Amino acid sequence: MIDVFVGALVYSNLLALLAVGLSMALLTCRVSNFAHGDFATVGVYAAHTASVLLGISPYACIPIAFIAGGSVSLIAFLLVFEPLRGKAELVTLMVVSMAVDMVIRYTLHVYADLAQRSLGVYTRQFMFRDFHFQVAGYTLPGVLIASVCTVLALLITLYFLLYRTSLGVAMRAAIENPSLAEALGVNVKKVFAVSWFLSGALAATAGVFLPFRIQVTPDTGWSLLLSMFASVTVGGLGSLGGSIVGAYVIGFSETLFSYVLSSIGLSTAYRPAVSFAAIIATLLLSPRGLTGFLSNGKRWFKWRS
Amino acid sequence: MPLLEVNDLSAGYGRVEIISDVSFSSDEKEILVVVGPNGSGKSTLLKALFGLCSVFNGEVLFRGENLTRSPPYKRSAKGMAYLPQVNNVFEGLTVQENLALAVHDMAQEELKDKLEDVLSFLPELRGLMQKKVRTLSGGERQMVALAMNLLRNPSLVMLDEPTTALAPRLASQVLKKAVALRDERGISVLLVEQNARAALEIGDKALLMVSGRIRFLGDAQDLLKDKELAKVYLGL
Ligand SMILES: Nc1ncnc2c1ncn2[C@@H]1O[C@H](COP(=O)(O)OP(=O)(O)O)[C@@H](O)[C@H]1O
Ligand SMILES: [Mg+2]
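From first to last, the protein sequence lines stand for chains X and D.
My numbering applies: residue 1 is where the first sequence begins, and numbers increase by one.
My numbering applies: residue 1001 is where the second sequence begins, and numbers increase by one.
Be a bit skeptical, because a hint or two may be false.
To be verified - Part of the chain X face toward chain D, derived, beta carbon under 8 Å:
| no. | residue |
| --- | --- |
| 1 | His-132 |
| 2 | Gln-134 |
| 3 | Val-169 |
| 4 | Arg-172 |
| 5 | Glu-176 |
| 6 | Pro-178 |
| 7 | Leu-180 |
| 8 | Glu-182 |
| 9 | Gly-185 |
As the list claims (entries may be wrong) - Pairs of lysine-lysine residues, derived as DSSO-like cross-links and limited to a Cα-Cα distance of at most 27 Å, are as follows:
| no. | chain 1 | residue 1 | chain 2 | residue 2 |
| --- | --- | --- | --- | --- |
| 10 | X | Lys-190 | X | Lys-87 |
| 11 | D | Lys-1078 | X | Lys-189 |
| 12 | D | Lys-1131 | D | Lys-1114 |
| 13 | D | Lys-1132 | X | Lys-189 |
| 14 | X | Lys-87 | D | Lys-1132 |
The hints are simulated quantities; they were obtained by calculation from the structure and are not laboratory data.
Please read these numbers as outputs of a predicted model, since none were measured by experiment.
Glycine is no exception: its CB is placed at the ideal position from the N, C-alpha and C atoms.
Hey, can you work out the whole structure from these sequences and the hints?
Laid out in structure tokens, this is it:
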């Protein structure tokens, strides 16, 4: 049972990093970014390559993955999403992001083949070797402590960036009303470029932790899209804090559900049902997600008292 | 050299041309009032001057420098300020954060003095600093919007119907601020107004827009006296 809990926590940590970035893309360019999962995969391969070439632990390669994922995301923003910002419709943007997904994903497939030949290591269906430590008689995987610390550090930094720095005020203002922010001297393109770099960098960081838990391929990040969208929807579209909460709700539900499935002898292939059900339930019951539900609750409470 | 010079400006949205062949200029310490029927392109003119819509032809010179193709944040840095007709404050931020945004790119040292200076011009804001803008009244929001623009040391402020949706007493207060901008601060004002009479009375020059073209350009008092134009287009 402790294994299930550890698995759920690690998985939720990764989802939190992914969902925050997905929300940032949505807030800045109004795009439901289907390429977001690929930024995580970029992190996987950046860490894998660096760790083989430099002979160091994949954990030590997090900064490299951070920069690689951030750069790919930044390029996607500058080449595709910035030119379309404020001009294209939501559906157009979504379809465009699917095209961006294919470009990145199939480039990763090519890269995986090339790397396999030149590095002489497996680049598909591989896993990273983890260390283990003992606490109170339990043997726990290193990825647990590593992911908890990384997520805390990154999310707290992000909070301070957004709420305690002038760049953060500019970012929040540009998200609320880009043309007014621009009129008040904010270089909106630059501010959004920073957001997109961070969004991709957070995803790539999550990516580094993936091969510690599952066998990865160039499609792994893409296959997490449904859970990411579920986290963002459950948390409330347009709320960074909400999508973090949503990530833990989805992460724990999914893990527990597949545990139940396997213990009653059913295939864990039904696991995605959790995300689908969560999206449908949210849209039916509280379209603005948990954030909307809570702020309605507050109003209801005020009205009563 | 005039502060603002506009030559043969044509602009609109997408490929649709809304204003055509607009030419005028405005000097330092001058209130230029822009009037005209609804939908005649007054807001579009201001947006075009600030780089917020498509410009098809013509040029915008500010202090002699051609800014026609500059992004809005650069125009802001050069000393132009623009208060949109709607959505001119950040609702999700506090008054303090709104003001902080306006000075986000400036040196820290002078900020305190500048803030004090702007608050002495708009004392209404003193008690509201920690409030979310979402909770303010229409008049208070206009003051926040004006304060944000003043913090940026503009030499030209463009106001798009700042008095709509305000009670008459508040409306005249806002127009008095426009006069004070010119007389106390030496700032030029480009004022778009529905309330034509009140605006023309405080204005130096006037520009009448009809269907995207200039119908009258000249002394504000002359437009007030022009029985025909005033009657047909301004309902005076
Ligand atoms: N964002 C926009 N996209 C397309 N057309 C617009 C837009 N804003 C205004 N228009 C059109 O431009 C014309 C002039 O509008 P506007 O400049 O707002 O006039 P005014 O401010 O004088 O009332 C109107 O016909 C209006 O429908
Ligand atoms: Mg208008």
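Exercise for the section: State the violated hints by number, sorted upward, taking the hints as numbered earlier in the document. Expected result: 1, 2, 6, 14
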